[in-house]
Amino acid sequence: MAATGRHAAAQDASPVSMAGHPLVGAWVVDRNPDDHTDPPTAVVYTADGGWIDPVLGVAGMWRATGPHSAEWTAFGLVAQGAQGYFALRTSAEIDEAGQTFTGTGTVTIVAPDGTVVNTIAGGPNSHGARLRMESVEAAGKPFTGVPTWEPAPPPGGTPES
Amino acid sequence: MKKSQASQTVSRRAALAGLGAGGIGVALAASLGSAAAQDATPYPMAGHPAIGAWIVDRNPDEPSFSPVINIYTADGGISDPIGGVGGAWLPTGPRTAIFTLLGLINDGPPGYIVIRGTNEYDAAGMISTAPYVVDIVGPDGKVVATMRAKNRATRLTVASEAEGGTPLEGVRPWIPATPTDATPVS
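Which chain is which? The protein sequence lines are A and B, in order. Quick note on numbering: the first sequence equals residues 1 to 161 in this note's numbering. Quick note on numbering: the second sequence equals residues 1 to 186 in this note's numbering.
Fair warning: there could be bad hints in the mix.
[Stated by the list, open to error] Quick partial rundown of chain A residues pointing at chain B, CB under 10 Å, derived from the structure:
1) Val16
2) Gly20
3) Pro22
4) Val24
5) Val44
6) Thr46
7) Leu56
8) Gly57
9) Gly105
10) Val107
11) Ala121
Keep in mind the hints are simulated off the structure, nothing from the lab. Note that the Cβ used here is the ideal one computed from N, Cα and C, for glycine as well.
Full structure from sequences and hints, please.
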């Protein structure tokens, strides 16, 4: 029984071992490198298949599809649930060094009543950079791997006259 | 994907409504897990059906509740980045586990919530149900409210891109509550 549940989530579903997979760890993720207003986020891929983004409040599961590839499904609320949820389904390729990945996938937005509102597919690739440990001597420097961005002005910030 | 940053604390209204979690995250989960879980349990955590991601319906009898997602790690941690809650779990049998979650309250009188419950997993390891108790505790350490409820959780499985455009299995439709300030005053 114990095995059944876990297998359903990750390991039996994958012909590739998750142990030692290069995706395991923490990543700084640029969800859309073509959008310079989009801030990065951080995602933790656990060795037992967990996918956790505490920055955006999204979580899910991942599984290995090859020695340098994986796919994941994640769930998050839209407007704290007032406007439904989104399902993120992504596949990714990790480079040989295990330091970057490129992902592509779909985002499906579902209303609270279960109606699919929109699906965004085939968009720009996401990009991940492994979050590396830095010593205290690195204080005062930007964090490695975090891209720069230009925050979009707030909707009400443009004068009307 | 665009999404506003999630609050790292729990709304008091959500807590009072019987929230399934509160939010400290992985660090707390890991520390609690190593201290409380692995040394204390006669049941192995490895291979336990609790491990994985769960779409949690905090109270199936409450149609306005949106779901949250709980990640149970193999080392005894629980993380709920949607609810902004973290904690620990401990196997009590091959198909049962207890959990404790902690979260801060971010509106109204300050304090924190503690959720304590017992998960029971079906034979396939795909569904879990849990009676649980929510305690709201003030900064002075006094319990100001206690609620009981029962949740139902569905295992989240990884889907392929080809399934894009379909809702996630296990997510129950809900009716968002009307915001308090949306009610006309006159």
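Cross-check of the supplied hints:
{"no.": "1", "hint": "Val16", "in the structure": "13 Å, violated"}
{"no.": "2", "hint": "Gly20", "in the structure": "15 Å, violated"}
{"no.": "3", "hint": "Pro22", "in the structure": "17 Å, violated"}
{"no.": "4", "hint": "Val24", "in the structure": "12 Å, violated"}
{"no.": "5", "hint": "Val44", "in the structure": "7 Å, holds"}
{"no.": "6", "hint": "Thr46", "in the structure": "6 Å, holds"}
{"no.": "7", "hint": "Leu56", "in the structure": "5 Å, holds"}
{"no.": "8", "hint": "Gly57", "in the structure": "3 Å, holds"}
{"no.": "9", "hint": "Gly105", "in the structure": "5 Å, holds"}
{"no.": "10", "hint": "Val107", "in the structure": "5 Å, holds"}
{"no.": "11", "hint": "Ala121", "in the structure": "5 Å, holds"}
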